Amino acid sequence: MLTAIIAVVVTAAFSQNFILVKFLGICPFLGVSKRTSGAASMGVAVTLVMLLATLVTYPLYVYVLTPLKIEFLEIIFFIFIIAALVQMLEKIIAKLSPALYRTMGIYLPLITTNCAILGVAELVLVNDLSEIVSGSAAISMNLGFALLYALFAGLGFTLAMVLMGGVRERLEKLPVAKCLKGFPITMVAASLMAMAFYVFTLI
Amino acid sequence: MKNKYAKIAFDGLITNNASFKLVLGTCAALGMSSSAIGGFGMGISVTVVLLLSNVLISMLRKVIPSAVRIPAFVVIIATLVTLLRMALEKYMPDLYDSMGVFLPLIVVNCMILGRAEAFASKQPVLDSAIDGVSTGLGFTVALTLMGVIREFFGSGSFFGIELFDFSIGFFASAPGAFFTYGICIALFLLITDNVEKTARKKRARAFRVSQSAPLPAPEETEKKEAETC
Numbered sequence: 001m002l003t004a005i006i007a008v009v010v011t012a013a014f015s016q017n018f019i020l021v022k023f024l025g026i027c028p029f030l031g032v033s034k035r036t037s038g039a040a041s042m043g044v045a046v047t048l049v050m051l052l053a054t055l056v057t058y059p060l061y062v063y064v065l066t067p068l069k070i071e072f073l074e075i076i077f078f079i080f081i082i083a084a085l086v087q088m089l090e091k092i093i094a095k096l097s098p099a100l101y102r103t104m105g106i107y108l109p110l111i112t113t114n115c116a117i118l119g120v121a122e123l124v125l126v127n128d129l130s131e132i133v134s135g136s137a138a139i140s141m142n143l144g145f146a147l148l149y150a151l152f153a154g155l156g157f158t159l160a161m162v163l164m165g166g167v168r169e170r171l172e173k174l175p176v177a178k179c180l181k182g183f184p185i186t187m188v189a190a191s192l193m194a195m196a197f198y199v200f201t202l203i
Numbered sequence: 001m002k003n004k005y006a007k008i009a010f011d012g013l014i015t016n017n018a019s020f021k022l023v024l025g026t027c028a029a030l031g032m033s034s035s036a037i038g039g040f041g042m043g044i045s046v047t048v049v050l051l052l053s054n055v056l057i058s059m060l061r062k063v064i065p066s067a068v069r070i071p072a073f074v075v076i077i078a079t080l081v082t083l084l085r086m087a088l089e090k091y092m093p094d095l096y097d098s099m100g101v102f103l104p105l106i107v108v109n110c111m112i113l114g115r116a117e118a119f120a121s122k123q124p125v126l127d128s129a130i131d132g133v134s135t136g137l138g139f140t141v142a143l144t145l146m147g148v149i150r151e152f153f154g155s156g157s158f159f160g161i162e163l164f165d166f167s168i169g170f171f172a173s174a175p176g177a178f179f180t181y182g183i184c185i186a187l188f189l190l191i192t193d194n195v196e197k198t199a200r201k202k203r204a205r206a207f208r209v210s211q212s213a214p215l216p217a218p219e220e221t222e223k224k225e226a227e228t229c
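Protein chains in written order, with the working numbering: chain A, 1 to 203; chain B, 1 to 229.
Don't read these hints as lab results, they were simulated from the structure. The structure presented is a predicted model; accordingly, all values stated were derived computationally and were not measured. All clues given are correct.
Per label pair, the in silico range of CB-to-CB distance:
1) 98(A) / 64(B): 32 to 42 angstroms
2) 64(A) / 197(B): 50 to 60 angstroms
3) 159(B) / 73(A): 34 to 44 angstroms
4) 87(A) / 168(B): 38 to 48 angstroms
5) 6(B) / 97(A): 51 to 61 angstroms
6) 80(A) / 86(B): 18 to 28 angstroms
7) 176(A) / 6(B): 28 to 38 angstroms
A virtual CB, placed ideally from N, CA and C, is assigned to each residue, including glycine.
Between the sequences and the hints, there should be enough to build the whole structure, so can you do that?
Below, the structure is given as structure tokens:
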């Protein structure tokens with residue numbers, strides 16, 4: 001049990017890092033990673049929505065869609081749940097903590113079309129944990145593992161975002177060839193970072 | 001560009017190339033370009049969804065109230081992707097397996113929603129159809145090109161046909177994807193910039209000869225950041 005938990009944590013956050021290994025959530029990675037602080041806020045917002053979305057979509061799929069034999073409608077249901085959750089979260093944060101809303105608020109609407117959220121909701125729909133966590137023993141998937149996977153996938157996402165924010169703050173001050181400015185040089189930097197994360201896949 | 005339709009097609013394919021110019025749909029571009037066939041399959045799937053969603057949204061553009069247009073677009077796109085998923089599972093199981101999680105993620109491909117919002121919700125059906133096909137094909141060409149490069153260096157083959165017996169693991173893995181994409185964007189910008197510059201020079205010379213007036217101001221290339229996606 002404990003080894004399975006450790007395996008999920010390491011896999012979700014490092015060896016199958018959502019941005020740098022699985023290529024999910026690249027849009028915010030390129031769009032909102034200009035400053036470390038903005039990147040961190042976006043990362044926290046994404047982690048929160050990932051966790052909430054998985055909390056709703058996984059039971060919905062297992063206890064409602066599967067018994068009714070309408071699994072094929074999952075995409076439509078999931079995207080709606082995510083959109084609704086993001087709206088709800090926005091309203092709640094605005095009401096509870098206006099200060100937090102000001103720092104995080106602008107990132108929230110962007111999350112609906114973030115592939116990482118729908119990606120995690122789709123990825124956890126497996127029968128056996130070993131399908132998404134390489135090297136773990138065959139343990140049947142349950143809500144607890146799904147949530148753990150979502151939480152650490154979100155934290156891994158945040159880590160990659162913050163690292164990229166730091167790199168880009170430096171990159172802006174460097175003299176870069178005109179055609180490489182902006183996205184291309186960011187991609188090359190991401191490539192070097194992905195190389196560092198590639199080491200984790202060898203574990 | 002004289003013809004309106006030719007202009008729409010040219011915009012979608014080159015001027016506003018979804019992958020290399022606007023940098024949209026990056027997840028799919030990075031994730032599916034490890035082989036030429038994968039990239040091509042993903043591109044064509046997106047093209048089909050884009051064409052159908054553009055046509056449907058353009059037909060319904062007077063019916064959908066603008067306050068709820070985004071959810072309405074999302075439902076249309078999600079339905080199309082669900083249908084595509086069923087069709088691929090039945091008729092092309094190999095491609096279905098290789099696409100994995102990226103198939104449902106076509107729903108959140110910002111390119112499709114972007115074209116729906118920016119083009120199809122305002123333009124007639126035929127224009128939207130051409131826009132959908134050309135944008136989709138621009139994406140397909142970009143993905144296939146990246147797939148060819150990565151497959152060639154990564155395993156020495158071309159569309160699955162083994163040509164040379166060598167492999168550079170870097171190109172087949174995740175870092176290679178980012179690297180290839182970055183270099184492709186840079187080369188694309190370099191080439192289009194140069195072509196534009198020569199065209200502008202030629203135009204300016206013709207203009208000076210005929211009018212002997214000052215140079216026309218260089219056109220600012222429209223720059224849409226992909227930040228909102």
